[in-house]
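A.B. asks: Here are the chains, one letter per residue:
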Amino acid sequence: MRTFIEHYGFLIVLFPVLGAFINGIFGRQIQNKYGEKPIGYVASLTVFFSFIISVIAFSVIARDPQPSALICHVYNWLNVNFVRADVSFLFDPLSAVMILIVTGVGFLIHIYSIGYMKGDPGYYRFFAYLNLFIFSMLILVLAENMLLMFIGWEGVGLCSYLLIGFWYSKKENAIAGNKAFIVNRVGDFGFLLGILTLFWSLYNQIAANDRLAEFSNGTLSLLSFPFLAENIHLLKGVNLFGIPEYTGISVITAICLFLFLGATGKSAQIPLHVWLPDAMAGPTPVSALIHAATMVTAGIYMIGRLHFLFSMSSVALGIIAAVGALTALFAATIGCAQNDIKRVLAYSTISQLGYMFLGMGVAAYSAGIFHLMTHAFFKACLFLGAGSVLIALHHENDIRWMGGLKRYMPRTFLTFLIATLTISGIPPFSGFFSKDEILWKAWSSDHGHPILWFMGFVAAGMTAFYMTRLLLMTFFGENRRDQRPRDAGGGHGDQHSGSHDIRESPASMTVPLVILAFFAIIAGFIGIPEALGGSNRFSHFLGPVFGSHVEVQHHDPLEYILMAASVFIALFGIVSGVLFYSIKPGLPAKIVSRIKITYDVVYNKYYVDEIYDFVFVSGTKVIIIILAAFDQYVIDGIVNLTGFLLRCKSRISGSFDLRFVDGAVNFIADTTLSTGAGMRKIQTGKIQAYIMFLFFGMVVFVLYKIIF
Amino acid sequence: MDIININSYMIISLMLFLFGLFTTITRRNIIGIILGIELILNSAALNFAAFSKFSASNLEGQLFSIFIIVIAAAEAAIALALMLSIFMRHGDINADKLDRLRG
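Protein chains in written order, with our numbering: chain A, 1 to 708; chain B, 1001 to 1103.
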């Protein structure tokens, strides 16, 4: 089986692109001729095949007693001196986990989309994009070198843009797509700078160590991950532009921060988090797959993949942890005040991604990846549940006008409930284990600090609170659809009154929900910490990748205390949520009126969008106006002045040419003409006259000679 | 000194020249003009003979005179042929009418 993956591992990537190709090129004809079914089947089947091969790859790696990297080399893409980039796929425990998530969750969401997108004129387009996304994501995850990873990185960004703006005829969707793409460009720029800085500095170090000869036979690749992992120590203690070591700024830190900027863009962390809530304009399966389960975790994956690099810079790790904790807290507070069901989930995603970065930042890489995995399950489940609700309510997405759906949509409700408990961190659901591991590491790791733990701890409570709020307002109580003001928003629900037409979604949508909810429950069991009598198999599985970071846990009583504390705060969040939104429904309004200003700030997402709009968009516009004026008056002025001076000069030289040069020529001609006219009178043609002239001429000469 | 010295020859030669020149200038008939030219040639030939007689011991000047006479004969022959040709072409040998060389 090992050789099978070595030779045919690329099929994982090939199948989705095949699906994208079929649906992208022939999709319209197929849809017109045979309807929607073949399109959905082709798209889902290709991902399913990928999933099967992923399972094989995973089992190969899991069964290997000493799991080592398994490389499937496809072909040599670039070979320019030191830049050798292969299309090669790296199978190791980390990428194996990722491909399982991507293809597994991806497959379920493809199935779900068959039901969700029913009747959409762009059905084939949707599935082509979705397959293309799976392809790009797999490239990103399986890439063996940084250049190939960058291709995947850009590819998922493109697919995200295409899918956010999927219903592009609505202007705000197109704008949201643009926003996501442009904000991601900022991050991608950082990522590219990181790659270039890494290449530049590593090349210099290798040249300084006289090791360039190793590259002469063209088998080594400077940017491939195995090579980097072996040789990154060369960069230890290398200064950046001669900045001394004690400032904490070294070339490693610079590379890490550049790469982290890329990660903040892709994974929606402060300060580049603004695109993710707007990205909810896309179809809900897209939000679930791209903007919750897979693409947004690319930043975490990248840090995990390059952990050997990040481990060398405690400054960068500190910044990552701080940004992660801050984002977790910050997004959680916004999540408490939003009314759009998908936006609440979007902020929740940002917050959970913050947790993952917190885990990465305290060098608890396997904990971060663990949370990535559990989050993929429960967040996909939540989003798909929300999508199911949206379908039932004809795209009414304001939770204030929902309520009471529990009766009509039992399966959606049940799965949503499970996912809510999971994200809140209630044992024994998976979210508890992964979140708790991160929190414990945030306190106990060498890079950790109790403040980081506290921020994560508070965010956990808030998460439980706003998720409970969401659950209660959506599924419990009475249906408030009739209370919706007719003029508020352009929802589709206005014309339907009453709740008699609310129906549970079809099986193609509920089955994936049930499967995801099942995994949301059990996924945590593979990572039960030693403190609870488990063996943390997930962490051990990733051990070969993250190396010595997995050590035998010493049983610290503090761990139990923290665990109890996080269970307590989760329960506290849930209880207060129930208190606010179920038992005493008037309470939130009272509290809001008391802290009006704070509430407004939070409700408006801390005005980050407005600040960015003011600083970057308006700032750019001001610069544009200034530059336009500069262009118009200064540059054009210079050009016009030059033109004017040239015209003057040419007029002068023109008249000089006319008067003097032409004059001289004409003068010579005129003189010759008049001289000739005078002379021709002498030439009479009479020989005797000539003789006379001759004679008198001679006489004159003779007389002259005699006289003088 | 003899009564006939070099000045006598010079005067005769000068007169010959002037008569020849006068003839050349005043005659309208081309044959007259050629006769004038012959006179000028003869004055030159006389000068050769005179200078040779009074200044040199050999007969070089006289020899030259004979050459000039011979050449003058040849020239006259050519000139007369030319004149005949002109007359056949224009029907006239009046020098005043032959002014096609006028600029």
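Keep in mind that the hints were calculated from the coordinates and are not lab data.
Small disclaimer: the values here were computed from a predicted structure and weren't measured.
Certain hints may be false.
Okay, derived cross-link-like pairs now, DSS-like style, lysine-lysine, Cα gap no bigger than 30 Å in a straight line [said to hold, decoys possible]:
hint, chain 1, residue 1, chain 2, residue 2
1, A, Lys-705, B, Lys-1097
2, A, Lys-605, A, Lys-171
3, A, Lys-118, A, Lys-406
4, A, Lys-686, B, Lys-1053
5, A, Lys-236, A, Lys-33
6, A, Lys-681, A, Lys-596
7, B, Lys-1053, A, Lys-681
8, A, Lys-590, A, Lys-605
9, A, Lys-686, A, Lys-705
Just a few of them, taken from the derived set where beta-carbon distance is under 7 Å, the chain B residues facing chain A [as the list claims (entries may be wrong)]:
hint, residue
10, Thr-1024
11, Leu-1046
12, Asp-1099
Far from chain A, by Cβ distances over 10 Å, these chain B residues were calculated [to be verified]:
hint, residue
13, Ile-1003
14, Ile-1025
15, Thr-1026
16, Ile-1033
17, Ser-1043
18, Asn-1058
19, Glu-1075
20, Ile-1093
21, Ala-1095
22, Asp-1096
23, Leu-1098
C-beta: ideal position from N, C-alpha, C; glycine also.
A.B. asks: For the pair supplied as a hint, Lys-590(A) and Lys-605(A), is the alpha-carbon distance within the 30 Å limit?
C.D. replies: holds (21 Å)
A.B. asks: Please verify that the nearest CB of chain A lies beyond 10 Å from Ile-1033(B)'s CB.
C.D. replies: violated (7 Å)
A.B. asks: Is the shortest C-beta separation between Leu-1046(B) and chain A less than 7 Å?
C.D. replies: violated (19 Å)
A.B. asks: Classify the label on Thr-1026(B) as holds or violated, using whether its beta-carbon is more than 10 Å from each beta-carbon of chain A.
C.D. replies: violated (8 Å)
A.B. asks: Can the restraint linking Lys-686(A) and Lys-705(A) be considered satisfied, given a maximum Cα separation of 30 Å?
C.D. replies: Holds, at roughly 29 Å.
A.B. asks: Against the 30 Å threshold, does the CA-CA distance of Lys-1053(B) and Lys-681(A) hold or violate the hint?
C.D. replies: Distance of about 47 Å is beyond 30 Å: violated.
A.B. asks: Does the claim that Ile-1093(B) lies outside the interface with chain A hold up, using a Cβ gap greater than 10 Å?
C.D. replies: Label holds. Min Cβ-Cβ 12 Å, cutoff 10 Å.
A.B. asks: Given the hint that Lys-681(A) pairs with Lys-596(A), test it: the Cα-Cα distance must not exceed 30 Å.
C.D. replies: violated (118 Å)
A.B. asks: Just want to verify: Asn-1058(B) was marked as not at the interface with chain A; is every Cβ pair farther apart than 10 Å?
C.D. replies: holds (30 Å)
A.B. asks: Does the interface hint hold: is Asp-1099(B) within less than 7 Å of chain A, judged Cβ to Cβ?
C.D. replies: Since chain A brings a Cβ to about 3 Å from Asp-1099(B), closer than 7 Å, the hint holds.
A.B. asks: Holds or violated: Lys-686(A) and Lys-1053(B), Cα atoms, limit 30 Å.
C.D. replies: The hint is violated at about 39 Å.
A.B. asks: Within 30 Å, alpha carbon to alpha carbon, are Lys-705(A) and Lys-1097(B)?
C.D. replies: violated (37 Å)
In summary, the structure is inconsistent with hints 1, 4, 5, 6, 7, 11, 14, 15, 16, 21, 22 and 23 from the numbered list given earlier, while agreeing with the others.
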